[in-house]
Amino acid sequence: MSSSFEKHQKRRLISSYFSVVLSIALVLFLLGLLGMLILNAKKVSDHFKEQVVVTIYLKDSAKEVETKQLEKSLAMADYVKSTEYVSKDQAAEFMKAENGEDFMDFVGYNPLQNSIDVHLKADFVTSEHLEKISADALNKNFVDEVNYDNDLVNLMNDNVKKISFWVLIISAIFTLIAVLLINSSIRLAVYSKRFTIKTMQMVGATKQFIRLPFIWKSVRLGMIGAVLALIGMAIVLYYLNKTFLELELLSNPFLMTLLFVFIFALGIVITWISTHFATQRFLNLKTDQLY
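Numbered per the UniProt record's numbering, the sequence shown spans residues 1 to 291.
Where hints are given, some of them may not hold.
[Unchecked claim] In silico EDC-like pairs for lysine to aspartate or glutamate, Cα to Cα no more than 20 Å straight-line:
| no. | residue 1 | residue 2 |
| --- | --- | --- |
| 1 | Lys161 | Asp149 |
| 2 | Lys43 | Asp158 |
| 3 | Lys132 | Asp89 |
These are calculated hints, taken from the structure and not from any lab test.
Generate the whole structure from the sequences, applying the supplied hints.
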């Protein structure tokens, strides 16, 4: 009978530890994913901003030396990421590939213009900068037109600001929820040992002596949960980096290492603090209040 009771208690204890580890792992995993999103939010937004193309159309009378000089000056500008010269023949071939038919068979000539496609650095993709760049280009007498999607730029910048704001709000809320969930799991685990705590206190053990094994046990569970969370984060990061190579998610390994260390440390700190206060609560209760 005694052996059966001990086995039952042991199963309950293992189940309690498993739920604590699982709670810690899931919460830290989600918190880690949110951290990766925050660290790479600017990189992702920069990537999409740098896809915006400013097309400078050149007059047919533009001389080759003028075109080369404009290309060179743009390439050297601190706001330009890359430039590409597109001849009218290349543009015609591109349209032919896009539409599946040669429009020049109907028109009889090539009405397109030579152009320079300019990709700007992300920080300069704003309406103000684009207007200035456009005005500077139009000052040259061999430039016919400058074209870019201003509405898309405004929409993109507005959405980046909104998303950044809500990511910060969600991060704060989620961090609070993470602490509360882990704290709740730890308190339930300590609750099952409340009579052991009170018995040790009644035979003269100090609070620190009673608290220490509980804290050490919870910290070890926190470390196991954190390791599981880090493994999950590493798998997700590897998959995203292989799928979205252009984002270069591993281009700054120091920040990623810092995030992993932070998540691991968070698992230890939260479990330590939660266990400290949970054991303190039962140490301060009277015997008849334990029931």
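Hint-by-hint comparison with the structure:
1. Lys161 x Asp149: holds (19 Å)
2. Lys43 x Asp158: Within the cut-off at roughly 16 Å; holds.
3. Lys132 x Asp89: Violated, at about 29 Å.
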